[in-house]
Amino acid sequence: MGPVKVAAAAGLALLAASSFAAGWIRPSGYAVQFRDAPAVAPCARFPLGTDELGRDLLARMLYGMRLSFLLAGSAALVSSAIAGLAGIATGVLGKGFEQVLEICFNLLMSLPWIFLLLLARALLPLEMPAETSVLVTFLLLALLGWAPAARVIGASARSLRHSGFTLRARAEGAGSWRLIWFQLWPNLQRLIGAQFLILLPGFILSEATLSFLGLGVGEPLPSWGGLLRDLEDYSAVAEQPWRVAPLILMFLTVACLQSLSGAAPCAARRKI
Amino acid sequence: MKSLSLILLAALPLAAAGRWGGELRFAIDSDPKTFNPLLVTEQSAGVVRYLTGGMLIRWNHATQAMDPELAQSWRLSPDGREIRFELRADARFSDGSPVTAQDAAFTFRTLLDPKTPSADADAFRVGGQPITVEAHGDRVLVLKFAQAIAGVERLFGSIAIVSPQALESAQDPARMPTAGPFHIAQYEPGAEISLARNPYYWKTVEGRRLPYLDGVRLKIRQDRSLEVNSLLTGELDLIDSVDPKAFGRLAKAGGVTAIDAGPSLDSEQLWFNQNPAAPVTDYRKAWFHDQEFRQAISLAIHRDDMARLVYDSHAQPAAAIVPTSNRAWNNPALKAPRFDPEAAEKLLTSAGFRMENGGLKDRNHHPVEFSIITNSGSATRERLAVLIQQDLARIGIRVRLITLDFPSLIERLTRTFDYEACLLGMVNDDLDPNSQMNVWLSSGPNHPWYPEEKSPATPWEAEIDRLMVQQSRETKTALRKKAFDRVQEIVAQQAPVIFLVGKHSLCAYGPRVGNASPSPFFPQTYWNIDQLYVRAEH
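Residue numbers (the numbering used here), protein chains in the order written: chain A, 1 to 272; chain B, 1 to 538.
Extracted from the complex, chain B is given alone in its bound form (with noise of 0.2 Å):
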């Protein structure tokens, strides 16, 4: 819970003053699918969003805590059920009319409005109880909720506030007035789309109204396969997810920085089949179900050769959850399991397997082997699968491995559970737990080992369960962290996930760009799109 909080821009990280001017050119994957910032569900139009959306708040990837924007102050109420934003007098869109609490207001009812098809409303519809927005003259918003949102303020910053004219505009993209750092000037479909610096952007600098670029040029590139090169001859001047064998090359190549902005929020992990109902030989389930033989297989796996092989050492040992870059929701108790075999075996010896001519075998004598699953189509993933290959062939376990189009795992995963191991990554883009809910709730539909249970199949299923909606409840940081702290215990206790590595982030930026500071999160290299500025070119 924050009192009132007014962070005055000078605690942020100085960045060096830049050079005024110039373009900055970068590649984003499609078309993106709507202009309309409250309607986005997709990569490229968040991307849009991020660079013209002007939000109340916004989340620092420096502090990882949340920075005035449109709004200079907010204050939630003791009971986390009221939310009061003041925003701040010198505010514009970039047609030059200001931004006032009936924009805000106007941007949240049509938000909440059910007939919007919002991908961000969802969050803080809690219980379906209905939200009262309320505009106090032009400058003060206030959002009144049945019941308290753990971590709400964190929702304001994906929410772009956006005047009826500018919506009006949305099938018009450069007519759209946005209250962030640019605005659309053009956009031509399948090429690029360009946009040019908000006139009235409020934030400033040596008495001068930021961005520091008077452009950002977005190209649309489907197949990404060229944007490395494009680096090196500069007709690009960043890439925000590179590739960790082209990361080498960056780094080798001249002027070019290229940083591995460490962890990210995504992790590669395997998990069993526990569903009773998977068409799966009972015995083999029964493997499965058993913890020491899960624990057994996680600690078989040689988890530093993944991120070293696989990786170029761009990856860490996966030891929980949340990854250690998370600063706020970590667990720093928790370490990657170490690589030792003969523990293992001690395991499974107790577990009551046997090893017979080379091969382990269960208490009634049947060869351990499992096939993993995985998509086709990813180098990476079959690589991790064939290390664990190698790694369980040690302790007598034979593994097959089986990539399947997309849509066909997905069927197997969801519909018809007719599968043994899944080796997946998991992607996040939201620090707090609360996204995670449809994970390890055990009634939530991504819940990988037994999707959708009816009621939690083991006791520990159940306590993570209690502290999930305990936590989701909790308006107080530190109770929240104790229980999610203590879900992410069970979860390395009991093993039904396997974490394998955490992936960092990479990134590179070509010699013109100046003030990048890349953080492991989206949008990684550009966060700070305000503070970058272009070199001069010679």
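Just chain A, with the same shape it has in the complex (with noise of 0.2 Å):
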């Protein structure tokens, strides 16, 4: 790993950790309105100053990065892990589900996933909780996000089926769990997992996307997206230039990852 790519790894812990320790940092909390003090530029009181309604932006970055980060995260992790089943499959099952997962594929590239969202949204009870909301909106962007990963990770699949050492653990009797799990398994991990690393990114721009259109992550909630929603008038942001704090740190972020899934290997690593 490189200079660069350690830098990114270190940055990105960084950043997840200040996240996580949100509670420790600003302990009063990202809902709580100080309706004394509106939009105030930032000050010992409020380091990253505050929004309309008063409410601490220090708070409500770092627990909107923890929840991007968690949120993201989890459908990256869905997403890669549908994506791996579906690669892995490709390499076990032969060239007929192949064509059966390519049409698959073909689908889900072509669903205009935007609107697809906006209704489930608009059939959601309205019983359920904004957390849960959010949940099941990232899921559903975990189920339609797997696809192009599945399909790299079924190229390498397909790559490895036909490979000399697959075909001498067939020929020694290999079943299909084994072949899986002895040849398969080891040499498409790193491939999955540089793609939950391309996926993560993703799914941090279209929470922000959604959030930004008012359709993601809902108040009181903190987002990335919902916080640059502030930046939409951004003549604004030159007389309150900290209000771009979240852009810088959402970029940063997905600056990382993007370092740290180009380190991973672009294809399987052959291990015999």
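To be clear, the hints were calculated from the coordinates, so they are not data collected in a lab.
A few of these clues could be false.
[To be verified] Have a look at the derived ranges for each label pair, beta carbon to beta carbon:
| hint | chain 1 | residue 1 | chain 2 | residue 2 | range |
| --- | --- | --- | --- | --- | --- |
| 1 | B | Ser77 | A | Phe115 | 41 to 49 Å |
| 2 | A | Ala37 | B | Lys252 | 15 to 23 Å |
| 3 | B | Gln291 | A | Pro129 | 24 to 32 Å |
| 4 | B | Asp122 | A | Ala122 | 27 to 35 Å |
| 5 | B | Pro341 | A | Pro129 | 41 to 49 Å |
Fair warning: this is a prediction, and the values are worked out from it, not measured in the lab.
No residue lacks a Cβ here, since even glycine has one placed at the ideal position from N, Cα and C.
Now that you have both chains on their own, put them together as the hints suggest.
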């Protein structure tokens, strides 16, 4: 791992650690409205100032980062797990299954996901707490977002299926489960890990887009997308430049993740 | 009712003598859907109609009364069933042809023709009865109604008089003669509309025909986020509706005049779903039907904080249906409920609610919590709802906020009724209570808490129905006012709609603009367009 990747990993670890220490860093929480101090500039009491309702922006940014990490991380985990399973199945089950899966990929990739999310959101029961509603949204994102990763993993699995060591294992009588466990999984796990790192920033940006449109994480829960909505009025940013902090943090997070995903292999490394 | 009215121009608020010539520039949202002034349904076409159309009489924003325009006088019969206009002799279309009573009669016959899909015609068609339109000579127009229409005069303020030739050329707007201060000189779809002065406009000052301006350039901008910068750079001369957050910056900018013109007709409100068929649990429906519960919620909401935090104090706590700016119909006896969580708790206790372990519970120990739906993309409404969340948390009520895309929201409000409480705004462009019949009549499609009731669900709704119908049939303004005042009192007592804040009209204009006298009502900044002028550019 080169110095850039080490720096990216360290930066990411620092960001993640600070987000998970949000409760300790800003014990007042993200929702409390200090109505006597709306839209204040950074000061000792509020290091990043407050929003129009007097809520601590540092607290909201840290809690928002935590939520984005958790939601996008879970979605990327689910997505890469599905992609891994589909890819491995391609490697084991052969051409027929591969063709069925290819049709699924094409269908999934041509779905207008934003409309599906809108529809799903409109159909969710009103009783559902905001946290659950967000989880459902991200589960949907995960279920819709695994196809590109599965295609990459499937291609590697296909090449592994025809590799010499797999053929030899078959010739020695290895069954499907043995092939998966001892031949495919060890060779694909780093690729699946890389796909996770590629998917993660995508989901972070999806959350930001949805919340920016007012359809992601609902108030009073903070999220990066929600905080970025304050930047809509860009001329106000010139007066309150500290408002771009969430944008910078999101940019750093995504850049770190991209650097790390570049460190992972693009193709399966063969372990024999 | 108005007997013979002849209001002289001299009685109007005096405008300073202006500079002749020059062009005023401002932005509109979209291409007008039509240039036919009888078919206007959206704001861009409304702006063009306002600037180019010659009306018989027009509403004066300063006096809040009708002023004579193409008609130099008018008279409504004592029974309210006949209105007679006498047109001025010097009224001309922009091509120089005279505006005659025949043109006015043609306008109203076309407007009232069932084949004309005009939104403005509905208000004239009371009870589906025919209206007789007669031209007596070149200068007298008489309209006869089968029954009196309350406040009929205001309806004429949006009807631009057209000639048959004008309507024929509505497809080619640059050829369309108009009788207002301007006519359309050029239209570039998606880009701009250039208006040029009507050289035959009837209104004069110092012996010269108004308007002062040679022209108006309407820039078509779907994305108006750059409007503030355009005003600061001088590319545009005015903004009719400024966001409260941008208003503060404009107020600080040199050269720009930013004006809070006072309470507009628009308000934000919260209401609970009272439709008995709604898919809402029965115990929650019982809360929503309880007047004491609704009043308690109203008392627990800090409206002053809403106005201060969300609108930078460019709004005020809303008291009732009609804002204070609507001087003719506001009920001054009604005041906005003061923030009083203790009084709210007392009301809730009286209604059988109890605090248990920090949360409010009803008689059957159900925790008091409900959801508020509003439209996504409105940061203002989300902030209002977040303030409500914290205010109600103080009295042990948990509120969930749900933002929905607009079609889904409307689906829930009007078809499935699957919601508990809703936070939305009411946009009004008419001061007369008749324009709110569809909101306050229990059978009305826009009756917020229970639309299209077969019969009034409660005695107080029946009372509102009776009073609204009574005021709509009454021609004596004082009696109409008395009935509508009572409607406002009932709504304030029963709180089926909890009025939150009334927004102010915020506008701004650049250093070139002279004689601006912004009003809270549309069009805020250029309602006196024929008096506006632009200063010489150095």
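Status of each hint after checking the structure:
1. Hint check: Ser77 (chain B) to Phe115 (chain A), Cβ distance near 57 Å, so the stated range 41 to 49 Å is violated.
2. The hint said 15 to 23 Å for the Cβ distance between Ala37 (chain A) and Lys252 (chain B), and at roughly 21 Å that hint holds.
3. For the pair Gln291 (chain B) and Pro129 (chain A), the supplied restraint of 24 to 32 Å holds, since their beta-carbon distance comes to about 29 Å.
4. Between Asp122 (chain B) and Ala122 (chain A) the Cβ separation comes to about 32 Å, which falls inside the hinted range of 27 to 35 Å.
5. The hint said 41 to 49 Å for the Cβ distance between Pro341 (chain B) and Pro129 (chain A), and at roughly 24 Å that hint is violated.
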